[in-house]
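Guided by the hints, dock chain E onto chain S, whose structure is given.
As given, the protein sequences belong to chains S and E, one line each in that order. Read in order, the letters of the first sequence are residues 1 to 325 in the numbering used here. Read in order, the letters of the second sequence are residues 326 to 683 in the numbering used here.
Worth flagging that the hints you see were computed from the coordinates, not collected in a lab. Treat the hints with caution; some may be incorrect.
[Said to hold, decoys possible] Here are the simulated BS3-like pairs of lysine-lysine, each with C-alpha atoms no more than 25 Å apart in a straight line:
#, chain 1, residue 1, chain 2, residue 2
1, S, LYS253, S, LYS286
2, E, LYS663, S, LYS46
3, S, LYS280, E, LYS473
4, S, LYS280, S, LYS253
5, S, LYS253, E, LYS473
6, S, LYS76, E, LYS473
7, S, LYS124, S, LYS76
[Claimed, not checked] From the derived model, a few chain E residues whose C-beta atoms are all more than 10 Å from chain S:
#, residue
8, ASP349
9, GLU363
10, LEU417
11, ASP430
12, VAL463
13, GLN524
14, GLY538
15, ASP545
16, VAL614
17, VAL635
18, ASP656
19, ALA659
20, ARG664
Glycine included, C-beta positions come from ideal geometry on N, C-alpha and C.
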Amino acid sequence: MTELTLVQAVNRGLFEAMRADPDVLVLGEDVGINGGVFRATDGLFKEFGGDRVIDTPLSETGIVGTAIGMAVYGLKPVAEIQFLDFVYPAFDQIVSELAKMRYRSGGQYPCHVVIRAPYGGGIKGGLYHSQSTEAYFCHTPGLKVVIPSTPADAKGLLLSAIHDEDPVIFLEPKRIYRSASGEVPDGDHRVPFGEARTVREGTDVSVFAYGAMVPPATEAAEAVGRDGISAEVIDLRSLVPLDEDAVIASVEKTGRAVIVHEAARFCGYGAELAALLAEKALYALKAPIARVTGYDTPFPYALEHVYLPGADRIEAALRSTVAAG
Amino acid sequence: MSESAPSSAGGSVPSDALPIARLDEAYRTMVLARAIDERCLTLQRQGRIGFYAPHSGQEAALVGSAMAMEPDDWVYPAYRELVVALVRGAPLASVFDQFYGNRQDRSRGRQMPNHLAFADQHFVSASSPIGTQITQAVGTAMAAQRRKSPIAVITYFGDGATSSNDFHAGLNFAGVFGAPVVFFCQNNQWAISLPRERQTRSATLAEKADAYGIPGEVVDGNDLPAVYSAVRRARARAVAGDGPTLLEAQVYRLGPHSTSDDPHRYRADAEVALARQRDPLERTKVILVQAGRWNETRDTQLWEETRRAVGEAVKVAEAVPPMEPTSIFDDVYATLPKRLAIERAEYEAFAARGRPGP
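Here chain S stands alone, though its shape is the one from the complex:
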């Protein structure tokens, strides 16, 4: 065990994977000599050299397109997109190519690429360094989408992603890159996909969150706990595949659900969770499902604290949901 921040855990995961397998390589903008703008790839260039830690020209479609070609040939590329906000030039490569390569070739061409990207707000990054657009990728069959909220999960999910056989979108909550710290197992530590993590058990209401929303959701649960409301906090970790059983089981126990994400509400990931509960746990519900999300606006710069769900908004939703029935 080693005490690490979330971004350090990502870095350890990359070291671990690259030391274990010469086919693993990293490519992206400023990932080499500079070690990544958030230092996620720090030290890799020195140990593995420019052939395996590739500073690319500034082109996201180039990064993902070449990563696909490498994967088709048998390498295991881990591509970094500097900010999720900049992924769109590569959107065609991700949704039209990466997600469909295995399917459209009848299984002849598996295409295992990991795409890492810092996402989310709270760092005064304005419109284009803050967005949380995981739903685009969750809506694309063929992709897996995971988001850690702790250092141990960051390393464990990253190593699972690199060893997976399918393309994985690995989103890193940059707001808690350094504020989240904790014990991380050494060596080949893997966290399986499709298993949610119970952060805190409770009996009155379930809170579903992921990434940078897990800490404020936990804070809100603790706040209402002081008033005798027992809130269960579930960190989904893996959006695709989703641990449906954990979501349903929690609501069957508590009878109430509050869904938290920083992405816009309309057609956000929370809509899928709400639909799942309506389909599979309707009769367990004692109160309407609540969503605490970013508003349906572009991500604002000066007023990001207004946009982003905080512990206060989550706490208010917990209280009103419990009061509702």
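Relative to the frame of chain S, chain E by itself:
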């Protein structure tokens, strides 16, 4: 290679020249390609296949380039390169299996006709978005570089694709990393309804290579030996570690873009008539006739045999049963996820009641 080159007048034969005996083989393949076009346009009009993108007018470029590559090389095609797969050894029947999306289709009925994938021939899955294969080809070339495999990658695209993001990104990456790639642009003069001069103000497409610091070369795409030599040289440079090359094979798309458009809406018949006079099949035949290797009797016989073989392949493919309905759930992921298992069970329960799924 034991045979001599076609046009050498006693001089030394350049190593990149196509031996005359292989020109026979090239011509046969071109006739096969043309016969496939004829047959498939009819099949589509009869409603027997859903779509077709013809390659008539591009056979010399396609066959010449394909013959210049080696079996271990990789190909990233667009959707007009079925004959490249045939040159590399894909069985004719398997092309028609794909057109029918039947149970023997290597791509399992997932794609429209022409969007082929043959892993045994290193012929990577084609898609419909324009230009996306270009950066992928560069990635495979970079991977081969890292594995120290002495191979090259060829990628095919049209004049329209030179306006795409991935053309720029791909040539740029290949230049920066010295990737062993042959960028083979078939400039067939028309991107659906848009003529080549509306695609770019550049005088040639090949000169775009200059911006990326790589060699670019125009080649007469109706001249099969010239195409072969140009690709051979580009391949040799790639394998020698001298980096990528952009080749612009100037051809003319004699037919429609696909069975979904009518070229009379956007181009003059006179232009097409002129292009027909430069038909690459005729041009290749003339070389063979002049070399005393071919005559009209043999030609008639070849056409008959070829049309019969194509007809047989169609018949065989049409007799193969369709894919099982539940196969649509396979290959989305490496293993069937729980969610898809549930959807498959839903479909099966619905189908079992005697009504097909929606």
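How the hints compare with the structure:
no. : hint                  : result
1   : LYS253/S <-> LYS286/S : holds (11 Å)
2   : LYS663/E <-> LYS46/S  : violated (42 Å)
3   : LYS280/S <-> LYS473/E : violated (53 Å)
4   : LYS280/S <-> LYS253/S : holds (13 Å)
5   : LYS253/S <-> LYS473/E : violated (58 Å)
6   : LYS76/S <-> LYS473/E  : holds (16 Å)
7   : LYS124/S <-> LYS76/S  : violated (34 Å)
8   : ASP349                : holds (32 Å)
9   : GLU363                : holds (27 Å)
10  : LEU417                : holds (18 Å)
11  : ASP430                : violated (7 Å)
12  : VAL463                : violated (5 Å)
13  : GLN524                : holds (19 Å)
14  : GLY538                : holds (12 Å)
15  : ASP545                : holds (30 Å)
16  : VAL614                : holds (41 Å)
17  : VAL635                : holds (23 Å)
18  : ASP656                : violated (4 Å)
19  : ALA659                : violated (4 Å)
20  : ARG664                : violated (7 Å)
Violated hints for the displayed structure, listed by number in ascending order: 2, 3, 5, 7, 11, 12, 18, 19, 20.
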